Amino acid sequence: MSARVVSNEPAGAYHLITLDAPAVAAGAEPGQFIAAAVGGPQTALLLRRSFALYTADPATGLIQIVVAEHGPGTAWLVRVRPGTPLDVVGPLGRPFTLPAEPGTAVLVGGGYGSAPLFDLARRLRAIGSTVHMVVGAGSAERLFGTADARTVADSVVVTTDDGSVGVRGLVTDALPGLLGPRGVSAVYACGPMAMLRAVGETAASYDVPCEVAVEESMACGIGVCMTCVLPVVGVDGRSRMVRSCIEGPVFDAGRVRWKDVGTLPVDVLGADAMDGH
Amino acid sequence: MSARVVSNEPAGAYHLITLDAPAVAAGAEPGQFIAAAVGGPQTALLLRRSFALYTADPATGLIQIVVAEHGPGTAWLVRVRPGTPLDVVGPLGRPFTLPAEPGTAVLVGGGYGSAPLFDLARRLRAIGSTVHMVVGAGSAERLFGTADARTVADSVVVTTDDGSVGVRGLVTDALPGLLGPRGVSAVYACGPMAMLRAVGETAASYDVPCEVAVEESMACGIGVCMTCVLPVVGVDGRSRMVRSCIEGPVFDAGRVRWKDVGTLPVDVLGADAMDGH
Amino acid sequence: MMPLAAHDHESGIRENPGSHTHDHGGTSDATVDMVTTLAGTVLPNPVLTASGCAAAGRELAPFLDPAALGAVVTKSVLLRPRSGRATPRMAETPSGMLNSIGLQGPGIDAFLEHDLPWLAARGARAVVSIAGGSVEEFAELARRLAGAPGLALLEVNISCPNVASRGQVFACDPLAAADVVRAVKAESGVPVLAKLSPDVTDIVAIAGSCVEAGADGLSMINTLLGMVIDTDTFRPVLAGVTGGLSGPAIRPVAVRCVWQVHAALPGVPILGMGGILSGLDALQFLLAGASAVSVGTAVFHDPSAPVRVLAELRTELARRGITRLSDVVGAAHREPHR
Amino acid sequence: MMPLAAHDHESGIRENPGSHTHDHGGTSDATVDMVTTLAGTVLPNPVLTASGCAAAGRELAPFLDPAALGAVVTKSVLLRPRSGRATPRMAETPSGMLNSIGLQGPGIDAFLEHDLPWLAARGARAVVSIAGGSVEEFAELARRLAGAPGLALLEVNISCPNVASRGQVFACDPLAAADVVRAVKAESGVPVLAKLSPDVTDIVAIAGSCVEAGADGLSMINTLLGMVIDTDTFRPVLAGVTGGLSGPAIRPVAVRCVWQVHAALPGVPILGMGGILSGLDALQFLLAGASAVSVGTAVFHDPSAPVRVLAELRTELARRGITRLSDVVGAAHREPHR
Ligand SMILES: Cc1cc2nc3c(=O)[nH]c(=O)nc-3n(C[C@H](O)[C@H](O)[C@H](O)COP(=O)(O)OP(=O)(O)OC[C@H]3O[C@@H](n4cnc5c(N)ncnc54)[C@H](O)[C@@H]3O)c2cc1C
Ligand SMILES: Cc1cc2nc3c(=O)[nH]c(=O)nc-3n(C[C@H](O)[C@H](O)[C@H](O)COP(=O)(O)OP(=O)(O)OC[C@H]3O[C@@H](n4cnc5c(N)ncnc54)[C@H](O)[C@@H]3O)c2cc1C
Ligand SMILES: Cc1cc2nc3c(=O)[nH]c(=O)nc-3n(C[C@H](O)[C@H](O)[C@H](O)COP(=O)(O)O)c2cc1C
Ligand SMILES: Cc1cc2nc3c(=O)[nH]c(=O)nc-3n(C[C@H](O)[C@H](O)[C@H](O)COP(=O)(O)O)c2cc1C
Ligand code: FES
Ligand code: FES
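Chains as they are written, first to last, in the working numbering: chain A, 44 to 320; chain B, 44 to 320; chain C, -2 to 335; chain D, -2 to 335.
No wet-lab data here; the hints were simulated from the structure.
Owing to the predicted nature of the structure, the values given are computational and were not obtained by experimental measurement.
For each residue, glycine too, the CB sits at the ideal point set by N, CA and C.
Be aware that one or more of the hints could be misleading.
What the hints assert, rightly or not - So, partial list: chain C residues that the calculated Cβ filter (under 7 angstroms) puts toward chain D: (1) 91; (2) 92; (3) 198; (4) 223; (5) 224; (6) 225; (7) 232; (8) 245; (9) 256; (10) 281; (11) 284.
As the list claims (entries may be wrong) - Covered stretches of chain A (in silico footprint by chain C; criterion: 3 or more residues with CB under 8 angstroms from a CB of chain C, positions within the stretch not fixed): (12) 253 to 263; (13) 272 to 284; (14) 309 to 318.
Required output: the full structure, derived from the provided sequences and hints.
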């Protein structure tokens, strides 16, 4: 799918890139992502890069992503000029689940991981839910969307590891205060894997359902290559290596075997067949 | 060497690219070329592309090249925007030889091959030579520099194969009229290989020395790889496979074994050692 | 055949926008007969998916119609469900990638129950890739698949390690490769392609051995063994340490393998693959001697790559005045007629 | 050893401008001891040119000081002058290139008269690459070179076809490879490196055979055999039909070869090469087990590549808190200490 870069501006430690991509904007839901080809027409970078949708407006056909410079692909992307065509595929993946009934939701974002949560907050509020947000990062410039948060959420806690802005500490430090007293019906989180694990465990300890959007290295983004797997417990109690691009990136936090991510647990379906070859 | 694109504008069928490249501009002589890295920082195009210098001004540090879109490298180059850094190596190769004494020179350019001849014309006139130019191409839009020619040469003939501008015919059709009557001391030519051969043969038939700038596929441009060779007769009468990047691109037309280019003549030095392995 | 003098290009990652603007006034696209015969099986066109790069076809349905392809080559299936390896399972490399999936899959039962019927229902032709750790496993898989609706061909992935033989890969040993092919042939009701590895001293010897053992055709190439080391952790990037290199980086090796085998065994049908991104890339393989091609890693770059490659191939053939695809198969081995 | 957690990258074509801006506060560049020992020969640093990619050093002089490199590896020299093949001799491929030069060169007499003395006069260490069509030719070359001033090591390019053995490449046959090494060792006054081809089923077997025959070390890898077909003329692009694939495209294969051989023969010194463009690429080879590296095709992209790679390597080691280059050699085979 061909999109076009409308603008590309620094936003703290990140770049906010706006794309004209009507086909993506049309059907997107919070938690879904796009996969962008990087490096230009003569690129040696064969694989697409995945980015969560920050906004997607079917009316204007515009979508936005928040990009952290990491390796060569994102280094190219944060320098791409307005007007440049950009080849994107999406929306991809399973979005966050909206509740059937209004309730109280806590949304937890770490770093650029907060990006998909603002549209989610809007949708939750649209169905009458109350939304509390926790937005955290290592330091002030790695926070994303704290101003947005105030417009879409009923309450906002900002945390930084170094205390440069908001409360000093981790996003999880803010959770007991929110999950304890308030009868929260769901937690949604996006951010680094270690954070997702901690949020999931905290939510579980308060018996609150929790959905997380994970980030695994992806070669295809569409479910054909099997690179993006992580061990997830199925409804039948069996663990499987599950594709995070198509069966995720949003998972029930309680089903992800966090401590086994990056390993091959012996009880995963088909692990017994790995002997010898 | 890092240069910067100052401007990039269509010029008939070609693009005229101006680069800020003081180190190249400083030492360049007519007939020399630069080698540009293409495709941007993440490019899959490993090899540099060679372009003859059209102008090189030590005072401003600017150089100009004339680029015909051909394959992926030139496709990228003709679209590169002003302000973009461009990695160039040069000036490379052996320039045209200026005569010790003033005389009458005929300069013959085919297509973008005329590019290096205008600076050559200026230098020849600066030492008091008379300069006649023949500028030819397949059709009007593939001519380059006819206006320049009028400012740097004492006479100009323009030819096109289709007669769309100037005289209908090949550049060589114009040579008898110039070489016959006028006591020409040297012919200089740049353009497609078939044209160079024809010009060289015509000059030889009038007993006029002729230098040509050839164009062979080059991997390194600096003399280390041995890809750019063609069979050339040495002063000792022995033919050798000679590197056109470093021992050329300017050769004495009479020494190039035109009809053997692209083959391995049996009498070339070391051809006998090729048996078996 | 009318090769053009004009200059075209094999692709880097994507076709460059400017290089194919000139029109050569060849025949119009519609008049090119794209039908090909692969190992005795007639296919409507020569562009297939590659094993492991299209799952069992279903995930590609949002991007292309599986029935519009020559065939869908499915991910290698084994007898039992397999988890595959730990992650990381991939690393990007210049114009390529390494993978070390470890043949994750549901096993033959689930494949026969869910995957093959889905393809059959869509009218897609299936080339089913099978893999095993022993000759018996391969034979058993062929037996299970015999007569299954939708099955057009079997592709025998002999690039997995032979459990009985100190983990040596079947495809690296002419005798082991032949044993597998012979056993599969004895059970299979459809033509059998043996899929070869380029990581051998003499691919022609392996090819000949497979053909002698009854292979109806050859698929090549599988990935090259490669490795990337993380310069921060100082350890291999892949959990599996080494992985298979695929993508445009390996295309010249793949074209060479097809060329060598077609030169030595001109009568043997070849399914060519390795780094095909564009119609012109596919054309290189056909010219080298392949009757059909698989588009693999390109799908990760562009999910609709197989249908795009097919469309580009048709256009490029038409531009060259070719009216029948079969005329270009192996043409690079023949002196041009002028 | 203190691997960093931060993320770095193997390079595509060039280092990307943004990825190395962060400072990790490692040791300063100057304090890294870059000395390495290759097959018993002490070199001031581990970055060399690659045979055939630097001629005999002289053409690089405008771009770098040959004495500043670990050594200059010269283009393979033969007994007699050789014309090389007809053109075209090269084709660009995705992140790589094919070459089919055919070992053009002046022959050993001219080499000894002009080339080696030039390097010696500059204070550069020379690794002289020799090639021949028979064991006797190799032996004769070693004899001619024995005692020549400036000669540090011999690199035996056994990737050329063996005239006596139906054109099979020496490096593809453990016995033929060993015969060449043994004959060269008998004549050579300096340590001998055998240069291996990756186009074999079992590179460890060839490596072992060369070491047993007396090789003091191994150079790897030479190019992979590849091919490009012109989709307009319908014929192979290269006059020599097939050619050698080099450049970043093959880097994962090269790292894998070094890794495998170092794992099997940890005591054998390795000169690693294949697609090195940056200091971090070089580091991958060192971590895999190479004591030094050659920078080949990268020179075509950037004539000063070898000195740039050296500078980058020094900086990257310093950033990682490494004070001695020798500490990283083979480190990827060891479990990280925490
Ligand atoms: C579902 C999803 C959503 C994401 N959302 C965002 C976002 O909103 N903003 C943002 O800045 N980043 C996001 N990422 C991470 C982003 O995809 C990677 O940072 C990026 O791919 C790195 O590419 P690179 O070329 O800079 O780095 P490299 O490390 O050179 O990339 C090499 C290869 O590894 C893959 N890769 C490397 N790191 C990651 C990673 N963390 N996740 C997935 N693939 C990786 C790349 O896709 C590429 O194929 C998301 C990842 C996923 C899977
Ligand atoms: C000394 C010299 C001077 C030149 N001057 C000019 C000039 O002033 N203007 C201009 O438009 N072109 C000039 N050329 C030709 C120009 O270098 C090629 O058109 C260009 O390299 C093609 O690159 P590409 O990526 O578009 O094509 P591709 O065909 O994809 O190139 C693939 C590879 O082949 C090489 N190659 C292909 N064609 C040529 C060729 N004709 N000559 C040399 N290498 C080639 C490329 O450098 C590259 O390495 C010159 C060539 C040489 C050798
Ligand atoms: C992620 C991935 C998984 C693969 N899995 C298989 C497989 O299961 N069976 C098989 O025969 N080949 C497998 N291959 C190899 C491809 O089918 C193909 O032979 C190879 O990748 C070269 O083609 P390409 O460069 O077009 O991808 C796999 C390749 C990739 C990239
Ligand atoms: C143009 C060219 C010529 C080469 N000539 C030789 C040679 O004469 N002898 C040799 O042993 N290797 C030769 N090689 C192989 C290189 O030395 C090196 O092993 C290979 O190219 C891989 O390294 P690279 O990717 O850094 O180039 C040549 C490579 C190229 C590209
Ligand atoms: S990224 Fe390919 S299956 Fe998920
Ligand atoms: S281009 Fe390398 S020697 Fe001329």
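Hint check: is the beta carbon of residue 91 of chain C less than 7 angstroms from a beta carbon of chain D?
4 angstroms, holds
Double-check residue 225 of chain C for me: the hint is only fine if its C-beta lies closer than 7 angstroms to a C-beta in chain D.
6 angstroms, holds
Hint check: 7 angstroms Cβ-Cβ cutoff, residue 245 of chain C to chain D
4 angstroms, holds
Restraint outcome when residue 256 of chain C is required to lie within 7 angstroms of chain D by C-beta distance
6 angstroms, holds
Is the shortest C-beta separation between residue 223 of chain C and chain D less than 7 angstroms?
3 angstroms, holds
Per-stretch coverage check for the region 309 to 318 of chain A, three Cβ contacts closer than 8 angstroms to chain C:
holds (count 7)
Interface hint for residue 281 of chain C, Cβ within 7 angstroms of any Cβ on chain D:
Since chain D brings a Cβ to about 4 angstroms from residue 281 of chain C, closer than 7 angstroms, the hint holds.
Against chain D, run the beta carbon of residue 232 of chain C and see if the smallest gap drops under 7 angstroms.
6 angstroms, holds
Proximity test - 8 angstroms, beta-carbon atoms, the region 253 to 263 of chain A to chain C, at least three hits
holds (count 4)
Chain D contact restraint for residue 284 of chain C - C-beta distance below 7 angstroms
5 angstroms, holds
Are three or more residues of the region 272 to 284 of chain A within 8 angstroms, CB to CB, of chain C?
The restraint on the region 272 to 284 of chain A holds, since 4 of its residues have a Cβ under 8 angstroms from chain C and three suffice.
Proposed interface contact between residue 92 of chain C and chain D, which counts if any beta carbon pair is under 7 angstroms
Constraint on residue 92 of chain C satisfied, holds at 4 angstroms.
Consistency note: the structure conflicts with none of the earlier hints.
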